[in-house]
Amino acid sequence: MARELPYIAAIGEAVHQEMERDDTVLYFGQNLGLTDDDPYVKAFGNDRVRVTPISETAEIGMAVGAAFAGYRPVVQLYMSEFMLVAMDQVVNEAPRFHAMTAGQVKVPLVLQAGYGFTAGWAGQHTGTIYGMFMGIPGLKVVVPSTAADAKGLMTAAIRDDNPVILFHNYLLTLEHGDVPEGEHVVPIGEAAVRREGSDVTIVGIGWTVGKALAATEQLEGDGVSAEVIDARSLAPLDTATILQSVEKTGRLVVVDQATRHASAAAIIAAEVASEGFASLKAPIELVTALDATVPYSEPMEQYLLPDETKIVAAVQRVLEAAPVAA
Amino acid sequence: MSQSAHGRLDGDVGLELLRSMWRIRVFEERVGELTRADEVHGLVHLSVGQEAVAVGVCGQLRTDDAVYSGHRAHGHAIAKGAPLDRVMAELMGRERGLCRGLGGSMHLVDLEHGFLGATGVVGGNVPLALGSALAARLLGGDQVAVVFFGDGAVQGGIFVESVNLATLWRLPVILVCENNGFAEFTPRSAHTNVERVSDVVAPYDVERETVDGNDVVAVRDTFARFLAEARRGSGPMLLECLTHRLRGHYEGDPQRYRQALAAEEWQELDPVLRLQRRGIAERWLEEDALPRLEQDACDEVEAAVGSARESPFPSPNATAELVYAQ
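First to last, the sequence lines map onto chains B and U. For the first sequence, the positions run 0 to 325 when numbering that gives the first Met the number 0 is used. For the second sequence, the positions run 0 to 325 when numbering that gives the first Met the number 0 is used.
Accuracy of the hints is not assured; some may be wrong.
To spell it out: a stretch of chain U is covered by chain B in this simulated footprint if at least three of its residues, at any positions, have a beta carbon under 8 Å from a beta carbon of chain B; those stretches are [said to hold, decoys possible]:
1) 102-109
2) 119-127
3) 156-162
No wet-lab data here; the hints were simulated from the structure. If you're wondering where the values come from, they're calculated on a predicted model, not measured in any experiment. Beta carbons: idealized from backbone N, C-alpha and C, even for Gly.
Start from the sequences, fold in the hints, and give me the full structure.
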């Protein structure tokens, strides 16, 4: 049975259900579980639900050590930028140990990190920074775009024996969607085809999946059949699903809220150019945020970000580059 | 306590401490030779001169106590029980190594003997030990976590964050600082105005002591007291061991930043020679037994070198297999 839940509540439900299912799941975070009424504290107590000081380095490092010992900590970081304070632990400790120890230790750790809050949060709390974690061997990176996936990917992340960063998009926080009750697992490493089409493949990530889907309505009116793929998992990246789609459509537009050179879009484009060049009928188009620090002013925010108009224009460019043969 | 009421060291204890220190001393000197011969090919940091800390601390721990170390880890690993041949094979990058040759000198890990995260980034290991201590607390056991770090780590935010969190949560972790007066190549006085590391933690009300780290009995006795308290659930504690690194920061370091010790100065400082002098004075050691002690260590180390040389290098498949825990 599914019922509607907001995206953020779906993540919370996954954490709650997994804590219920497995005593080794711990939940750490700043401002977390401060009252006895807190649903996590009520259910699981302050041994497993712990408020931490604003000390990301110690907080994440401590969670890594607990993971070595067989616990499954979930660290609620609120803002993904707060990971930047603790990059040694996120990049150079947690994901390194399994390989460096030839598999002696596992690090089943989840970092829950919000991103892309372009709603007046200005330059330091709005970044889309998942791209910089995609290339770290041993680290998994997932970005749900729907409430159901938010639950399913968080569940999979908690059960995974590797460090996983779950990037949740703050602009989607209150977006409702059907979410299965009970156990719901979305396997990490699998993209989802959100809409089938034959003329062009549009790949979206997180918040931009919705933008891509919205753009397809206008495109359909223009007689363009667009396929939309939700990347969902950036590491490992499901290039096979994207390549299959491009084989069919011959055209690729990748839409990413990140700045171009730090984007996942650039990696996806490189993979398709490298592995699927023979399928391409036109150069790949990237629709990313402009290479700039996100400004505070609302119209300026909009100016910077990808939107339906920019996506439609990019699709038109790939179609015009080599018009579909009649 | 290792001493009787009148201050004489128990002979069996003394001999065991001596043997352990000789094992590390000879091992380290041999690694230095093998580095110059390019049989050990990577970045190597030796602990010659600091053996008393490793032996005084690790000799009292159980296999299920977690020990963390840093880039200068060989002595700690050996003292915690890692087999000499597997440590040597690791340094030579061989399949028989503790980490199948994939970790190397700075990432020695031997889970079987409770030697956990040796991490090459200064200070990066401190919060990891907190995680082990938390796990011990949650499991309800009396295991403790011990983390070795140098005085250079103390100026990093990660140290203060970790001390704060460990005291806040009263974690059974013993912080062991090997204060050798140099952070890499720089004297402590150029990095901080706080001379004693034990003073750095004063506001946190951490039980702390500064001892002569070249006196293995002093290290052992003070650590024994901390360990007993930690087993009863207290913590954290800080043991600062004032010691001297006889060799450079790394093998090949020209050491232009400091004066070499005169031979007679070293006679005074050398923890191995000091304990031998004490043994002879206290009559639990005969002068003519000395060459045998050193020779036994040499034989053990040579056997380890022979065994390591016979081991193959790891298969290239290992890297891909170990990116993610399955």
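To see whether the hints hold, each was checked on the structure:
1. Taking a C-beta to C-beta cut-off of 8 Å, the segment 102-109 of chain U contributes 4 residues in contact with chain B, enough for the three needed, and the coverage statement holds.
2. For a cut-off of 8 Å, the count of residues in the segment 119-127 of chain U with a CB near a CB of chain B stands at 5, and the three-residue condition holds.
3. Counting residues of the segment 156-162 of chain U whose beta-carbon sits less than 8 Å from any beta-carbon of chain B gives 4, enough to reach three: the coverage restraint holds.
Checked against the numbered hints listed earlier, the structure breaks none of them; every hint is satisfied.
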